[in-house]
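Chains as they are written, first to last, in the working numbering: chain A, 6 to 283; chain B, -1 to 441.
Rather than coming from a laboratory, the hints here were simulated on the basis of the structure. Misleading hints may appear alongside valid ones.
[What the hints assert, rightly or not] Straight-line distance between alpha carbons at most 30 angstroms, and here's what the computed DSSO-like set of lysine-lysine pairs gives:
| no. | chain 1 | residue 1 | chain 2 | residue 2 |
| --- | --- | --- | --- | --- |
| 1 | B | Lys250 | B | Lys440 |
| 2 | A | Lys186 | B | Lys75 |
| 3 | B | Lys441 | A | Lys186 |
| 4 | B | Lys398 | A | Lys186 |
| 5 | B | Lys295 | B | Lys229 |
| 6 | B | Lys441 | B | Lys250 |
| 7 | B | Lys89 | A | Lys186 |
| 8 | A | Lys120 | B | Lys89 |
| 9 | A | Lys214 | B | Lys75 |
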Amino acid sequence: MYTVLYTLLLLLVTGALAALLLAWAAKKFRVEEDPRIDEVESLLPGANCGGCGQAGCRQFAAACCSAGSLEGMQCPTGGADVMKRIGAVLGMEAADVQPKIAVVRCAGTCSARPKNNQFDGLRNCAVASSLYAGETGCAFGCLGFGDCAAACSFGGITINPHTGLPEVNPDLCTACGSCAKACPKHLIELRPRGPKDHRLYVACTNREKGAEARKACTAACIGCGKCVKECAFEAITLQDNLAYIDPDKCRLCRKCEAACPTGAIHAVNFPPKKTEQA
Amino acid sequence: MKTFRRGGIHPADNKLSAGQRIETLPPPAVAVIPLSQHIGAPAQPVVAVGDYVRVGQLIGEPGGPMSAAVHSSVSGKVTAIGEIKDAFGIKQTAITITTEGDDWMPEIDRSGQIKPGCKYSPEEIRQKIADAGIVGLGGACFPTAVKLNPPASCHIDTLLINGVECEPYLTPNYRLMIEHSEEIMVGITLLMRCLKVERALVGIEANKPEAIERFEHIAARRDGIEIVPLKMKYPQGGEKQLIQALTGREVKSGQLPASAGVVVINVATTFAVYEAVQMNKPLIESYLSVSGLNLLKTGNFKVRIGTSMADVMERVSGIPEDTGKIIAGGPMMGRSMIHVNAPVTKRITGITLLSRQDALRLEPQPCIRCTSCMQACPMGLESYLLARKAELKDWEFLEKHHIMDCMECGCCSYVCPSHRPLLDCIRLGKATVGNLIRSRAKK
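Isolated chain A (complex conformation) (with noise of 0.2 angstroms):
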């Protein structure tokens, strides 16, 4: 009978110790933590992209905390909503920014570009453009071989087996920049989407001179500066001949496309022009 009894009251008093020290540990070893971190990382998506800069979206989530305010703070992948959000947790005012999308900035497609050689290592672009200057005559182009692919978290971006180039997914793109990193020749550009996603912008990052780029690349940028006559809004700049086209200033209206000599500027969901009817 004592037996029962003293082995209760010692599991009873090594309870009571036990709960007395983790008390005490709990209140001595607190880790104080915003709480308003927990309920900031609740509205991130969670895909710890890494599109804001930071390592992930817990990262995002404290770093906003500790912000004096959400200026240059913005998740690409929630977009503006989410900030919007978050603003009105944390009592700040989210900065207005326009969202994004990856764009390539290469249309050196199987056709316009030829290949003059064929690379049989590990079909790599880091690798390739580490040995060499590509498969094609120009330089600066598309490897093909998808890094960008293999980098983005989304599968937003694919390579076309068609044209050999990467193409975009509006609806899956997050702008969060991972392939833009991950390109070594650096032909992916975030651009803002635009009105309606109305874009316009320069489809190569060739600098070679005008014959040359013609020369390896039908679809080449030439350098001729017709677009840059063109623009009313001096939006197009033209640099070691190539042409870029600053989304801020640019009014869609499209007259640089029509001038293009060798269509290097596309223009993207336009809707399509009205033929006139002879």
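The hints should help you fit chain B onto chain A, whose structure is shown.
This is chain B only, laid out in the frame that chain A set:
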């Protein structure tokens, strides 16, 4: 016979052009001379378009402490200074000279008489080597004058001469050792004088019997120079492998060969040193072999730097129809070219043509963990693991596992029974880790 201890492979040596005498090619009609033919900063041009230059005149001065001078290999007018595309399609700054006659700088001794005596001090020899723009002609193109000035903390006791030429197909070093053995011996004494060492070991692989015989004959008359025939094994010509084979010493990971008390100089570099010091002749010529199993005629050539490789190819019955790859260098460490209209540089030691069949890379299969690559790696690295981790972008792991010790000899890819592109991945990892280390050092 001696050799290095760890790893190594035995590819067919295919020294097809070993019996061909070195043929001197005439100066080209137009010479295109790149300003970056060495490791380090590119040279800075010191001539302008329209200037008349003579053979051996300085046209590019070193662009920093780690750089090398560039000289004109022809006489004529400078017609352009600008960007050209090299054999790999990458842009380089080069000086283009249109040849007029063959007008040499007066101080260059062209008599061909061998001058064995030397009155210069070690510093004067080093200065002459720097002025001549000499770089390591074994392939790495490290400025020789920098190598001959080892850090004060290292005590150099032995000079090692690299006459291994373990790369298949290539034979220019072998031919130089046969045809210019006396000059190379003088070059060795000059280098010994420059480094203030009493002992020099010349390592020559056993597949060069004529060179070994000649060198032993001459070395018998000289003190301190010893000829060491080596057992054939690739990559014995690697600096660290040669040091181990000849002296038994090991260079620690991440350290210079000088830390093991040795300096390694290639035989072709030694010949260039002889010409620079005794004949005042800068490095304006390249010795190269053109070889390939389906070439009707192979050969060894002395070519002015800046000559188009296409001109050299014409000397050997042109390019056969079923050529799959044209490689600058040999098949193990060379790089395939995308066109042959690029100029010959100090770096080029041979042009190797492989047939389509030989150039074919087989479809990679899954790794079967056989560890052949680890057994073949002369640096003792875990090649399969490094390759996989490079694919997974685990740069920290790669750095910790000594990826920077890899010398890209290609033994791992050569032995892999699954034909995995091990070296491709490792090279990518090495380049990225190298960049990370450099950017950290800057901070």
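Each hint tested on the structure:
no.: 1; hint: B:Lys250 with B:Lys440; result: 24 angstroms, holds
no.: 2; hint: A:Lys186 with B:Lys75; result: 45 angstroms, violated
no.: 3; hint: B:Lys441 with A:Lys186; result: 22 angstroms, holds
no.: 4; hint: B:Lys398 with A:Lys186; result: 24 angstroms, holds
no.: 5; hint: B:Lys295 with B:Lys229; result: 29 angstroms, holds
no.: 6; hint: B:Lys441 with B:Lys250; result: 26 angstroms, holds
no.: 7; hint: B:Lys89 with A:Lys186; result: 23 angstroms, holds
no.: 8; hint: A:Lys120 with B:Lys89; result: 19 angstroms, holds
no.: 9; hint: A:Lys214 with B:Lys75; result: 25 angstroms, holds
Violated hint for the displayed structure: number 2, the only one.
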